[in-house]
Amino acid sequence: MTWIDLPDDEANAQLSRLTASYRRAGRPVPAIVAAMKPSPSALRAVMQMNNAITFGGSVLGTRREEMIATVVSGLNDCFY
Amino acid sequence: MSHAEFLREHWNGEQDSFFRLMRGVQQLGKNSAGVIPELTRQGALDLFASVQGLDAQDVAILDYVAWLTLTPSQMSKEQVQRLWDVGLGDRQVHDVAMVAACFAFMNRVADGLGVAVFQEKRQEFAVELFGESVWQQHKQWA
Numbered sequence: 001m002t003w004i005d006l007p008d009d010e011a012n013a014q015l016s017r018l019t020a021s022y023r024r025a026g027r028p029v030p031a032i033v034a035a036m037k038p039s040p041s042a043l044r045a046v047m048q049m050n051n052a053i054t055f056g057g058s059v060l061g062t063r064r065e066e067m068i069a070t071v072v073s074g075l076n077d078c079f080y
Numbered sequence: 001m002s003h004a005e006f007l008r009e010h011w012n013g014e015q016d017s018f019f020r021l022m023r024g025v026q027q028l029g030k031n032s033a034g035v036i037p038e039l040t041r042q043g044a045l046d047l048f049a050s051v052q053g054l055d056a057q058d059v060a061i062l063d064y065v066a067w068l069t070l071t072p073s074q075m076s077k078e079q080v081q082r083l084w085d086v087g088l089g090d091r092q093v094h095d096v097a098m099v100a101a102c103f104a105f106m107n108r109v110a111d112g113l114g115v116a117v118f119q120e121k122r123q124e125f126a127v128e129l130f131g132e133s134v135w136q137q138h139k140q141w142a
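Respectively, the protein sequence lines represent chains G and U. Here my numbering is used: the first residue of the first sequence is 1, the next is one more, and so on. Here my numbering is used: the first residue of the second sequence is 1, the next is one more, and so on.
Please note that a few of the clues may not be correct.
Ranges between beta-carbon positions, derived for each pair [as the list claims (entries may be wrong)]:
#1 Ser73(U) with Arg24(G): 30 to 36 Å
#2 Thr62(G) with Ser50(U): 22 to 28 Å
#3 Leu45(U) with Ser39(G): 36 to 42 Å
#4 Val80(U) with Ala52(G): 18 to 24 Å
Just so you know, these hints were derived from the structure itself, not from any lab. Ideal Cβ positions, reconstructed from N, Cα and C, are used throughout, including at glycine.
Sequences and hints are given; from them, build the entire structure.
Written as structure tokens, this is what we have:
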């Protein structure tokens, strides 16, 4: 999933807490989230940033957020 | 679901215009080596303005986002003025910049670590959106 090796979802207590919602939902941790597992504190902070700015966190509405996301990623030639 | 898949599902206009937007955006990115020529700058505005399903605020937002992504050091107050001119307030301008920056950050993480996002079942959509060569490159990461 990434070029670097990643710890297991439950490798330590902090990672286990951060990935618990995905296990409860019965789906794997998204690849972009999993990529940040080597630093659980950074992963937690980035997840909080994403929730504050996107996923309906802005005043723009989800459609415009996704429109911006798609165009930024397209311009960066990035699948994500 | 990817961002593009979400956007396609919630697209107001014809699906053809959505794919035209995405192909146009790809082309803008490819033309962006070095300084963006003025012609390309106008081309971006023309592209966004021609896409069915985008209102005047959407067009202004995408124009701002495109140049923030491609030529961040050349941003100016005049570009914010274009957002004010279509009725956006300071909070909305702030959020446009934050959302664009947030996804640029996530793009760098994905590209820097080789994050494989698309699954095989999404191949057809991905190829239509980004082209066969980019899909093949992505598959090599997985």
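_Hints violated by the structure (listed by number, smallest first)_ = 1
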